[in-house]
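J.: Those protein sequences? They're chains A and B, same order as listed. 1 is the number of the first residue of the first sequence in the numbering used here; add one for each residue after it. 1 is the number of the first residue of the second sequence in the numbering used here; add one for each residue after it.
Read the hints as simulated data drawn from the structure, not as lab findings. As the structure is a prediction and not an experimental result, all values here were calculated from the model. Just so it is clear, CB atoms sit at the ideal spot from N, CA and C, and this is done for glycine as well. Heads up, a few of these hints could be off.
[Said to hold, decoys possible] Where chain A lies over chain B, by a calculated footprint (3+ residues, C-beta under 8 Å):
{"#": "1", "stretch": "165 to 178"}
{"#": "2", "stretch": "276 to 282"}
[To be verified] Per the computed footprint, the stretches of chain A lying under chain B, defined by three or more beta-carbons under 8 Å from a beta-carbon of chain B, are:
{"#": "3", "stretch": "53 to 67"}
{"#": "4", "stretch": "150 to 160"}
[Unchecked claim] List of simulated lysine to any residue pairs, SDA-like, C-alpha gap at most 20 Å:
{"#": "5", "chain 1": "A", "residue 1": "Lys-170", "chain 2": "B", "residue 2": "Lys-370"}
{"#": "6", "chain 1": "A", "residue 1": "Lys-153", "chain 2": "A", "residue 2": "Tyr-187"}
{"#": "7", "chain 1": "B", "residue 1": "Lys-317", "chain 2": "B", "residue 2": "Gly-374"}
{"#": "8", "chain 1": "B", "residue 1": "Lys-370", "chain 2": "A", "residue 2": "Glu-69"}
{"#": "9", "chain 1": "A", "residue 1": "Lys-167", "chain 2": "B", "residue 2": "Glu-8"}
{"#": "10", "chain 1": "B", "residue 1": "Lys-370", "chain 2": "A", "residue 2": "Leu-131"}
The chain contents come next:
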Amino acid sequence: MDQTLEIRWHGRGGQGAKTAALLLADVAFMTGKNVQGFPEYGPERMGAPITAFNRISAFPIRVHSNIYEPDYVAVVDETLLASVHVTDGLSPEGAIIINTPKSAEEIRGKLQGYTGRVITIDARGISEETLGKNFPNTPMLAAVVAVTGVMEKDAFFAQMQDSFAHKFAKKPQVIEGNMKALKMAYYVAEKATEKQ
Amino acid sequence: MSQEPIRERMSGNEAVAEAIRQVNPDVMPAFPITPSTEIPQMVSSFIAGGKVDTEFIPVESEHSAMSAAIGSESAGARTMTATSSAGLALMWEELLLAASNRLPIVLTLVNRTLSGPININCDHSDGMGARDTGWIQIYAENNQEVYDNYIQAFPIAEDARVHLPVMICQDGFITSHAVENINLLPDQPVKDFVGTYEPEEFLLNPGKPIAVGPYSISAYAMEAKRAQAEAMENAAEVILEVAKRFEEMSGRSYGFFESYRMEDADYCMLIMGSAAGTAKQAVDEMREEGKKVGVLKLRVFRPFPEKQIAEALKNCKAVAIMDRCESYNGNCGPLGSEVTAGLYRNKVNLEAVCYTYGLAGRDFTTTHVKEIFGALQSLVEEGKKIPHNQYIGLRTKK
Chain A
1 MDQTLEIRWH GRGGQGAKTA ALLLADVAFM TGKNVQGFPE YGPERMGAPI
51 TAFNRISAFP IRVHSNIYEP DYVAVVDETL LASVHVTDGL SPEGAIIINT
101 PKSAEEIRGK LQGYTGRVIT IDARGISEET LGKNFPNTPM LAAVVAVTGV
151 MEKDAFFAQM QDSFAHKFAK KPQVIEGNMK ALKMAYYVAE KATEKQ
Chain B
1 MSQEPIRERM SGNEAVAEAI RQVNPDVMPA FPITPSTEIP QMVSSFIAGG
51 KVDTEFIPVE SEHSAMSAAI GSESAGARTM TATSSAGLAL MWEELLLAAS
101 NRLPIVLTLV NRTLSGPINI NCDHSDGMGA RDTGWIQIYA ENNQEVYDNY
151 IQAFPIAEDA RVHLPVMICQ DGFITSHAVE NINLLPDQPV KDFVGTYEPE
201 EFLLNPGKPI AVGPYSISAY AMEAKRAQAE AMENAAEVIL EVAKRFEEMS
251 GRSYGFFESY RMEDADYCML IMGSAAGTAK QAVDEMREEG KKVGVLKLRV
301 FRPFPEKQIA EALKNCKAVA IMDRCESYNG NCGPLGSEVT AGLYRNKVNL
351 EAVCYTYGLA GRDFTTTHVK EIFGALQSLV EEGKKIPHNQ YIGLRTKK
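Using the sequences and the accompanying hints, generate a full structural model.
T.: This is the structure:
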């Protein structure tokens with residue numbers, strides 16, 4: 001009965017984990033799904049650990065609680081691994097997607113014995129290369145879409161092209177860089193998923 | 001005829017703002033407070049973009065926001081505002097004036113706890129604190145319901161049998177900041193549904209002068225209060241009439257409450273707001289295991305549909321009454337008090353256990369729902385003694 005895909009995001013206040021969750025909800029909505037994207041606010045300050053959540057389902061979503069047994073976890077800031085048990089309740093059938101330049105092998109030791117797939121993505125490196133700044137959101141979103149398969153690749157790219165054109169109507173010069181970041185991250189994550 | 005729905009996704013605050021854009025009220029005095037701030041913020045951008053011609057009045061406090069709302073509504077302008085938590089508390093004196101002067105103001109309340117400890121997250125203490133101020137109160141489970149309730153608020157408030165202000169409530173952050181699917185209505189049917197505001201009497205009416213808020217001596221004041229109480233009684237039928245008309249337009253049906261899988265239920269959870277959705281999910285899972293459980297989701301808290309609730313519960317063996325609010329009366333929250341009093345007055349006798357949950361944003365899960373139904377079952381079937389007033393979801397000492 002329960003075919004809802006559940007994703008938990010970990011980030012720090014100001015890094016855009018909430019925005020990433022809302023973007024993912026948007027993307028999934030465009031595919032005809034029922035969606036939920038919401039943040040949990042703790043202390044309201046920059047840098048404090050925050051969580052955000054997504055539910056995606058073919059059926060109407062009624063539950064209004066946080067997610068304790070996610071199918072997937074996305075970690076926007078690697079330094080959280082030292083203080084937050086990001087794999088709590090995470091399904092071994094799912095995966096954890098972490099923004100880090102390190103390899104999955106190097107990271108696994110910090111994941112409280114998690115046995116499922118570990119996908120690392122250098123979202124910061126990709127963002128700095130394509131946009132000249134550290135905006136990890138777009139690459140993280142692409143990695144999550146690639147790993148979860150929530151949306152087909154070409155439709156995802158087309159959708160994001162439209163959405164960037166709308167979002168950056170006054171700054172069209174950044175659209176290309178964002179699309180490049182999106183695609184680079186997507187292919188890295190897709191390849192990493194195939195390997196495991 | 002039912003309108004073709006417009007499939008969208010947005011947060012609860014965006015849904016309210018969208019309804020405001022469609023209704024295009026005359027005046028909005030407002031002062032920002034989390035988590036309702038986005039609503040005046042979005043309305044301001046509608047005004048700046050020429051999408052509405054609402055007059056926005058920036059004020060220095062919520063006390064002034066409600067004072068300005070009283071002034072403009074008295075003058076004959078359709079008026080609304082938004083607030084949360086301490087903002088509503090600061091309006092308290094004016095809330096009573098708005099209701100007793102019979103002004104059909106619409107206030108959207110994004111429910112947040114009251115201090116202390118200071119905290120920005122959801123519970124119902126703000127709305128419950130205003131329960132006896134004479135406002136109609138309607139609560140929502142999700143963004144869809146708060147949108148639908150908002151559109152219905154104006155015809156309810158402005159009906160000549162009612163003339164009372166309406167509070168449209170939704171859970172802070174849980175629905176106000178969660179993006180979910182929603183079916184919107186086209187602009188024109190909403191405008192037609194709400195209609196043009198034509199108050200029978202108003203201040204800026206040179207041909208027919210009236211006084212608003214004068215002193216009333218004891219020889220007359222009690223009659224004024226009784227008339228106000230009758231208006232609240234009248235609101236019940238008007239709420240149902242408006243809901244019926246809304247269903248004809250939208251295809252979505254509303255009443256005083258929603259009975260979910262209650263036809264043969266032995267055990268019921270009576271609950272308001274976003275947690276009702278969580279309860280319904282748990283009920284579906286328990287029904288798969290053959291448990292006869294159901295949910296009664298209260299939508300209209302004022303006027304309080306006491307008889308209808310008693311009737312809906314009369315065949316149950318036990319009910320868990322869920323308060324997202326502490327009354328500090330040594331017994332139970334406001335919903336617990338009113339439901340149990342209603343059961344007694346209507347001679348419906350069943351086990352009633354009052355639970356306090358979700359204070360200051362404490363999460364409420366399907367696991368909690370199942371635990372509570374388990375407790376009701378052991379109370380009835382095994383005669384197990386359990387406290388009739390308890391908390392769920394408290395941290396325990398390790």
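J.: Work down the list of hints and note, for each, if the structure agrees.
T.: Hints, verified against the model:
{"no.": "1", "hint": "165 to 178", "verdict": "holds (count 6)"}
{"no.": "2", "hint": "276 to 282", "verdict": "holds (count 4)"}
{"no.": "3", "hint": "53 to 67", "verdict": "holds (count 7)"}
{"no.": "4", "hint": "150 to 160", "verdict": "violated (count 0)"}
{"no.": "5", "hint": "A:Lys-170 x B:Lys-370", "verdict": "violated (51 Å)"}
{"no.": "6", "hint": "A:Lys-153 x A:Tyr-187", "verdict": "holds (10 Å)"}
{"no.": "7", "hint": "B:Lys-317 x B:Gly-374", "verdict": "holds (13 Å)"}
{"no.": "8", "hint": "B:Lys-370 x A:Glu-69", "verdict": "holds (17 Å)"}
{"no.": "9", "hint": "A:Lys-167 x B:Glu-8", "verdict": "holds (17 Å)"}
{"no.": "10", "hint": "B:Lys-370 x A:Leu-131", "verdict": "violated (49 Å)"}
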